[in-house]
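**Q** Please build the complete structure, drawing on both the sequences and the hints.
The lines below spell out each chain.
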Amino acid sequence: MVGSFLRYIASVLVACLFLVASAQAAEDTLVPQLLIKNVHVWDGKSDGVTRRTNVLVEGNKIAKLRADDGDAHAEATIIDGDGRVLIPGLIDMHTHLMFRYGVQVMRSEFDAQAAGAAAMETLQLYMQMGYTTLRDVGGNSLGLARNVAAGRLKGPRIYSSGGAISPVSGHNDLAMFSEQPGEDVFSRRGDNNLVSGPVEAREATRRLLRFGAAQIKIMVGGGVASDFDPLYADTMAEDEIRAVVEAAADFGTYACAHAYTDSSINRVLDAGGRCIEHGFLASEETILRMKELGAVMSLQAYAAVEIFKEPEKLAGFGAENIRKARQVRDGADNMLTLVAKHGVETFAGADLWQEGIITKTPEDMVVRKRWFDDVEILRQNTSYAAKWLAKSGTKNPYREGPLGVIEAGAYADLLLVEGNPVEDVSLLADWKNSIHLIVKDGEILKNTL
Amino acid sequence: MKNILALINALVIAVASITTSAMAASGGGAAAAAGEKKTYHILFTNVNIFDGFSPELQTGMSVLVENNFIKEVAAQIEAPEGAYIIDGGGRTMTPGLIDMHQHVMLNPPEGTASYQTRWDDAAGGAFALHHLNHNMLMKGITTVRDIAGDPLDVAKAIDGGHLPGPRIYSSGGAISQTGGHGDWAGRNVPPEVLSSHTDMSQRTQNTWVVDGTDEVTKAVRLNLRRGAAFIKIMGGGGVASEFDPLEILGLAADEAARAVEIAADNGTYVATHAYHDASYNRLLDLGVRSFEHGFLVSEDTVKRMAKMGEEVVWSFQCFMSVNTFGDYDKMPGFFTHEQKVKGVAVGKGARNAAKLMNKHGVFIVGGSDMFGVPFVERIKEDITCNVDAGFTPAQALKHWTGNAGKVLKWSGPKDPYPTYALGTIAKDAYADILLWEGNPLDDIKLILDEESLNFVMKDGLVYKNTVVEEDHPYFRPAQTPNTRGKYPL
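Taken in sequence, the protein lines are chains C and A.
Here the first sequence is numbered in our numbering, starting from 2 and rising by one per residue.
Here the second sequence is numbered in our numbering, starting from 40 and rising by one per residue.
Honestly, I wouldn't trust all of these hints.
Listed next, the stretches of chain C that the computed footprint assigns to chain A, with coverage defined by at least 3 CB atoms under 8 Å from CB atoms of chain A [unchecked claim]:
(1) 105 to 118
(2) 136 to 147
(3) 150 to 159
Derived DEER-like restraints, expressed as beta-carbon distance ranges [to be verified]:
(4) C/Val200 <-> A/Pro230: 27 to 33 Å
(5) A/Ala292 <-> C/Gln181: 38 to 44 Å
(6) A/Arg264 <-> C/Glu321: 37 to 43 Å
(7) A/Pro230 <-> C/Glu239: 42 to 48 Å
(8) A/Asp253 <-> C/Gln181: 25 to 31 Å
(9) C/Tyr233 <-> A/Glu149: 43 to 49 Å
(10) C/Lys310 <-> A/Glu508: 37 to 43 Å
Just so you know, the hints here were simulated from the structure itself, not pulled from any lab data.
Even for Gly, the Cβ is constructed at its ideal location relative to N, Cα and C.
**A** So, in structure tokens, the structure goes:
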């Protein structure tokens, strides 16, 4: 009896010492804390916001929801959200960081170094608009992505595809008429990977993954105003697509494909690809097939329906371009209606990376109101996007926790917004005024409270 | 989705022209007839001017800026109609600072070694832009002379108003021999890669590894073709260099002479990296005009330079030698014992050289040679170091303004900013203007205090301003059309 009592005392004493010791240790190296109080949380998934609550960030992760004052240590930064709404940092799944001033100007006026400098500006702008993660689907931003991940450069997280894989005369064949395909400025600096045949396609995929690509991008179909690729062409053969898809899968990641038409999209699906960018001319049958196979449609609503709203008014557009633009506009409306109706998986990337139009990026969310509820739109730019970013698997630069959600263990990428964007995403289009707090990786980058 | 591009190009032209005319319309400049360019005026009153040269401040002065240049400096100036008047409140006005020895493309963490790894040139540009703004322009350094590296397209984007940043005078890639101070390729790079100039540092044109006068000719001409304002040669070795010890002479005499000849044919000059008497004297013989480092030169060489007046200039890298190499124990950890001993000699030599150059009145400019974190964050300590090395605050500032402005004009037809003067507050100088709370001539340490730097103007546009509250249209910083607001985030 005495023995067990003594053992009990001993264990209590040991426990006390341990507490003292760990308190001491904690004092020596305090994990930085950020306590955001009095906020309604939209977690990236749910239909609405929570009651007023507090969120605790420790280091670069969300530590606890429904935190209280006692969870914060003496040196925590306390922010009073005063009843505002806290949402995950936004994710744009379709950008081209290295082409800010357009192909012609980037080719003749910007070497790779200046292109990197311009991309640095672009990154800051996206961040100001509340985009804490970007997926670059074509262009050599691999060095930028690596250095952001290493904390040496400040900017949104970048999931880079490196230079898109394109066949000769495909959508990323950026050589001029006077140049040989593959020997042009862009190919030399890795903004394009020209392939002919499945062997080269596989080699290019492996090379990109070696240099740090998070996912692979392929150009399967054509474009509206492009020099070489007509709208209805299928520019990559199935065996080429399959070689990329399989090489990417073997490495633990995935490939996404630029494709507009039924035949391009189905060719990608036949080859095992499950991620389609644009898809503006897809028919219902193809969309149902995508649903059945668990494929995702990456949405560029503003680009399709706004820019091509009145193509007859666009400078430099001949009759053929106008005809194609109208088809794309009308097709996109149809596709988006069907995708919404049949519940196809989606995420969004505005594709508005060019000078003069970058700041329209958040309006891409507003345009989608025609087909989706506000909360679904937000999911397309947060948790749905993050679900696919996680499919980068071994090539995911940010594997310590989920992105695009507010939950314990997730990366602390947060926006504090004036008003409730879950009820009306158009609030986010006025980002200068409506976003008061921007936190990325646990670091406060904007605070106008 | 590149099919968007053509139409976006059209949209951008439309959007840009609407935006520019809107900005112009909201400005307060003189009313312009249709088609006439608007003129903007900013009148500073009540400022004490350090003009870049004189150790005496001109007190209680006014300065009239028209668009991007200084139109008038006088005790009283009548404000033109519509001028925006800034009461300087007795602050000290100085020209924007000029760092005459920078390497903005060497800011990635591994420095020159980063160019041994593929895929980093874009990141190099991103690093450059970050530091050009955070650690140079926003801290009052409105011009840099980049003296090995290729920021030429970055400079072009800045000058075109696409990106924010200081003015850049670039030498393009330095002209170096195989195994010379500009040879940044790894040890085991195959000889044919070096000689075909296809290692990463040379492919990005950040350096040239050349042998023989023909190759020198080619490299110099390639630099000038891309817009280099002057030429840099590696006339000697370095303290910690992998291939080139401190004692060597870099480039053969005929190679150096060829660089000078071609630069001169193009109306510009050559700057050299060199440390000691042999290299300095050979290159003075050959007509090189800008001499960097020079920490082991003797008094005779200094006297020779002094006799040449403002024909030649000594560019003084104070912090990196006097401070960094001050102490055996302060040397970088990766230095070997021999390198540390060499470093100490250089540190001692630097203090000695500074004393001699000062004593004999050699024409001097500053030039930090501070790149890469943490040095790039402390660039202005090179200026205060000048005072530790025996110069007065006025001399230190002159090294970083008036004298620098004079040397920049040696670029002649290759001067990217030919219209007005730099480094001075005077009629017909560019409006690169700083306002300080307090007088740096009294205490040079003031220039390290970012809160005392109240105002940074470059090319007539304002980048930092804690003097006036108003959000006047002129006071939006030069920016890409999309980023309206403060730089950085």
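**Q** Work down the list of hints and note, for each, if the structure agrees.
**A** Hint check results:
Coverage of a stretch by a chain is defined here by at least three residues with a beta carbon nearer than 8 Å to that chain's beta carbons; for the stretch 105 to 118 of chain C and chain A the count is 10, and the condition holds. Only residues whose beta carbon comes within less than 8 Å of a beta carbon in chain A count, and the stretch 136 to 147 of chain C has 6; three or more means the coverage holds. Figure legend: the stretch 150 to 159 of chain C, annotated as covered by chain A; annotation consistent (3 residues with Cβ-Cβ distances under 8 Å, at least 3 required). A hinted range of 27 to 33 Å for the beta carbons of valine 200 of chain C and proline 230 of chain A is consistent with their spacing of about 32 Å.
For alanine 292 of chain A and glutamine 181 of chain C, the hinted distance range of 38 to 44 Å is satisfied, since their beta carbons lie about 43 Å from each other. The hint said 37 to 43 Å for the Cβ distance between arginine 264 of chain A and glutamate 321 of chain C, and at roughly 40 Å that hint holds. As the Cβ distance of proline 230 of chain A to glutamate 239 of chain C is approximately 45 Å, the hint placing it in 42 to 48 Å holds. Range check, aspartate 253 of chain A to glutamine 181 of chain C: Cβ separation about 28 Å, and the 25 to 31 Å hint holds.
Evaluation of the 43 to 49 Å hint for tyrosine 233 of chain C and glutamate 149 of chain A yields a pass: the beta carbon distance comes to about 48 Å. Judged by the Cβ atoms, the range 37 to 43 Å given for lysine 310 of chain C and glutamate 508 of chain A holds: they are separated by roughly 42 Å.
Every hint from the earlier list agrees with this structure, and none is contradicted.
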